[in-house]
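J.: Listed here are the chains, written in short residue letters.
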Amino acid sequence: MAETTFKPKRKSGPIKIATIGGWLVSIFFFLPIAWIVSSAFKPKADILVSPPVFFFTPTLSNITEAISFDNTLDYFTHSVVYSFGAVTLAIFVSFLAAYSFSRYKPAGTDFLMFLLLSTRFVPAAAFVVPYFQLFNLLKLKDSYIGLIAFYTMFSIPFSVWILKGFLDGVSQRFDETGLVYGASRWHIMFKVILPQVKPGLVASFVFNILFVWNEFLFNFQLGGARTFGIPVGLFTGSTKGGAIDWAYVASIGTLYVLPLIIVIYAFQKYLLVGLTFGTVRGEV
Amino acid sequence: MAKSVETLEKSFKTKAKPVNPAKKKNLFSWGLLAPVLFFFILMSVLPTIWMFGLAFYDYTLTSAKKAEFIGFKNFFDFLANQQLSGAVSRTFIFLICAVLLQTFLGILIGVLFWKNDKMPGRRLALTLFFSPMVVTPIATSLFWKFILDPTLGVINYFAESLGFARFDTLTDQVLAFPTLVLVDTWMWTPFMTLMTLAALGSVPKAELEAAQVDRLPLHRLITTVIWPHAKFILGLGILLRTIDAFKTMDLAYVMTGGGPGDRTELIAVSLYRFAFKSFKLGYATAVSVFLMFIAIALTSIYLYILNARKKAEE
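For the protein sequence lines, the chains are C and W, in the order given. Per this note's numbering, residue 1 is the first one in the first sequence, and the count goes up by one each step. Per this note's numbering, residue 285 is the first one in the second sequence, and the count goes up by one each step.
Just so you know, these hints were derived from the structure itself, not from any lab. Keep in mind that a hint or two might mislead.
[Said to hold, decoys possible] Capping the alpha-carbon separation at 35 Å, the derived lysine-lysine pairs in DSBU-like fashion look like this: (1) 141(C) <-> 399(W); (2) 105(C) <-> 515(W); (3) 489(W) <-> 515(W); (4) 561(W) <-> 198(C); (5) 105(C) <-> 309(W); (6) 191(C) <-> 308(W); (7) 399(W) <-> 16(C); (8) 595(W) <-> 269(C); (9) 309(W) <-> 198(C).
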C-alpha cells in the first residue's frame with residue numbers, strides 16, 4: 001500500500017533560511033530569560049554594574065546564598081505540598097465527573113460545563129474579596145486545607161473539560177462489553193476506561209501543576225507565612241530592604257524557571273491542549 | 285377493613301416495585317458528580333453569591349462603620365466614576381493593541397515553523413520560544429524591570445551604545461504604556477504561534493495535496509483551502525488572548541504599579557487597589573460583578589465558535 005503523505009515542494013535554499021529564521025526567532029524570545037539565568041551565575045559585583053558584564057567566571061554563590069535565606073526552602077516546600085495535593089485530588093474527582101458527563105449526560109450537563117468554563121474567564125482579582133472574607137470566616141486563612149480546597153476548585157474546570165474530551169473519544173462499546181461480561185461499574189471505569197485516557201490525565205496533571213505553581217494572587221491573599229509559595233516568595237523577597245535585590249531575583253528566578261523549561265521540553269505535545277483549556281487538540 | 289387492605293396493597297406495591305434501572309443509573313451519575321459539585325458549591329458558587337450580596341453594601345474594611353445596605357449605589361458610583369471608565373477604555377486599548385500585534389507576529393512565526401517541520405533541533409527551538417508564556421507574570425515583570433532598569437539595564441546599555449539617551453521606560457509618560465504592550469507581546473506571541481500551528485494542522489492533508497496537484501495559486505490556497513478549516517482554531521486563540529489581556533493585572537501591577545499617573549492603570553489593577561489598598565470592599569465587588577458579566581458574555585462567544593467548529597466538522 002502506497003502511503004501518500006503531503007510534502008510541500010521544497011528547494012534546499014528557502015528551507016535553510018527558514019531553519020535559521022526559526023532558530024533566530026526562538027533565541028530572540030529566549031534572550032530575556034537567558035539574561036536572568038546568566039545573571040544568577042555572575043559574581044555579585046558583576047550583576048549590579050554598568051556597563052553590563054557579558055563574560056564572567058560562573059559562580060554558585062548567589063544561588064547558595066538565596067537558598068540559605070530562612071524562607072527560601074519553605075517556599076518551595078509549600079508550593080510542592082499545595083500544588084501536588086490539590087491537583088491530585090482535583091484530577092480524581094474530575095475523572096469521576098467527566099465520566100458521568102460523558103457517559104450518562106445527566107440533565108444540565110451543558111450548563112454545568114458552561115459554568116465551569118466561565119470560571120476560567122473571570123478576572124482573578126474580581127473574586128479575591130469574597131474568598132478573602134470567606135476564608136477569614138471559616139478560619140481557613142494560611143492553612144493547607146484552605147489552599148488545597150481552593151486550588152482543587154481552581155484545577156477542576158480544566159481537568160473536567162480535558163478529561164471529558166478524551167472520554168468522548170473512547171467508544172461506549174468498551175463500557176457495554178464490560179457490562180455484558182458482568183464487570184462492576186468501578187472496574188469498567190478504572191480498569192477499562194482509565195488506561196485509555198492516560199494522555200488526558202498526563203496533560204491535565206502537568207498543566208494544572210503548572211498553573212497552580214504559577215498562581216500568585218490567591219496565594220498572596222489567602223495564604224500566610226506557613227503557606228506562601230515561590231511566586232509570592234520571589235515577590236516579597238525581592239523588595240525586602242526597599243531596593244530590589246537583583247541577585248535574589250535572578251537566583252530564585254532561575255531555580256523557578258529551569259524546571260518549567262524542562263517541563264515544556266518533555267511535554268511539548270500537550271502544550272496546545274494545556275493552554276486552550278482542553279478545547280483544542282492537535283500536534284504542534 | 286377496606287382501608288387495611290389498601291395499605292397492605294400499598295406496602296406490597298412498594299416492596300414489589302422493580303428497581304427502575306434508569307433511576308438507578310441517574311443516581312449513579314449524580315453520585316459521580318457529587319465531589320465536583322461539593323467543591324464547586326463551596327469554592328465557586330458560595331463566593332459568587334457572597335460577591336453579589338456585598339456589591340449592594342457600603343462596606344469598608346478599615347472603617348469602624350458597620351456594613352450598610354445601599355442598593356445599587358455602588359454601581360451608579362462606579363459608572364459615574366471618570367477614573368474607572370478611563371481604566372476600562374485603557375484596558376480595551378491595551379487588549380486591542382496587544383492582541384493585534386500578537387496575532388500578526390504569531391501567524392508570521394507560525395508559518396515559519398509550519399513550513400519547516402523537519403528543521404534540526406525544532407523541539408529545542410520551540411521550547412526556548414514557548415518559555416515566555418509559562419513563566420508566571422510576577423517573575424516576568426521582575427525580570428523585565430531588571431532588563432529595563434535605567435542605570436543597570438542591559439537594554440539601556442545597548443540604547444546608549446547606539447547613540448540614544450538613557451531612558452527610564454517604566455516611569456515615562458509616553459513610553460510606559462507601549463512598553464507594557466510589548467512585554468505582553470513578548471509573553472503571548474508564542475501562544476498565537478501555537479494556535480496558528482494547530483489551525484494549520486487542522487487543514488486536511490488530502491486537501492492540501494489536491495491543491496498542490498491542481499497548482500492552486502497561493503492566495504486561492506489560503507482563501508479556499510486553509511481559511512475554512514483554520515478560522516475556528518485561530519478564532520478561539522484570538523478570543524482566549526482577548527479574555528486574558530482583559531484580565532491582565534500582575535504584569536501592570538508589578539512593572540509600573542499603574543503609573544506614571546494612571547497611564548497604565550488597567551481595570552483589574554484598579555479593582556485590586558480598591559480592595560486591598562483602600563479596602564472599599566463593597567465598591568470593589570460592584571466592579572467585580574460588572575467584570576463577571578463581561579466574562580460570561582465572552583464565554584458564550586467562545587462556546588459559540590467551538591460549536592460552530594463541531595458542526596462544520598460533522
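J.: Work down the list of hints and note, for each, if the structure agrees.
T.: We went through each hint and held it up to the structure:
no., hint, in the structure
1, 141(C) <-> 399(W), "52 Å, violated"
2, 105(C) <-> 515(W), "30 Å, holds"
3, 489(W) <-> 515(W), "16 Å, holds"
4, 561(W) <-> 198(C), "45 Å, violated"
5, 105(C) <-> 309(W), "11 Å, holds"
6, 191(C) <-> 308(W), "22 Å, holds"
7, 399(W) <-> 16(C), "11 Å, holds"
8, 595(W) <-> 269(C), "26 Å, holds"
9, 309(W) <-> 198(C), "26 Å, holds"
Checked against the numbered hints given earlier, the structure breaks hints 1 and 4 and satisfies all the rest.
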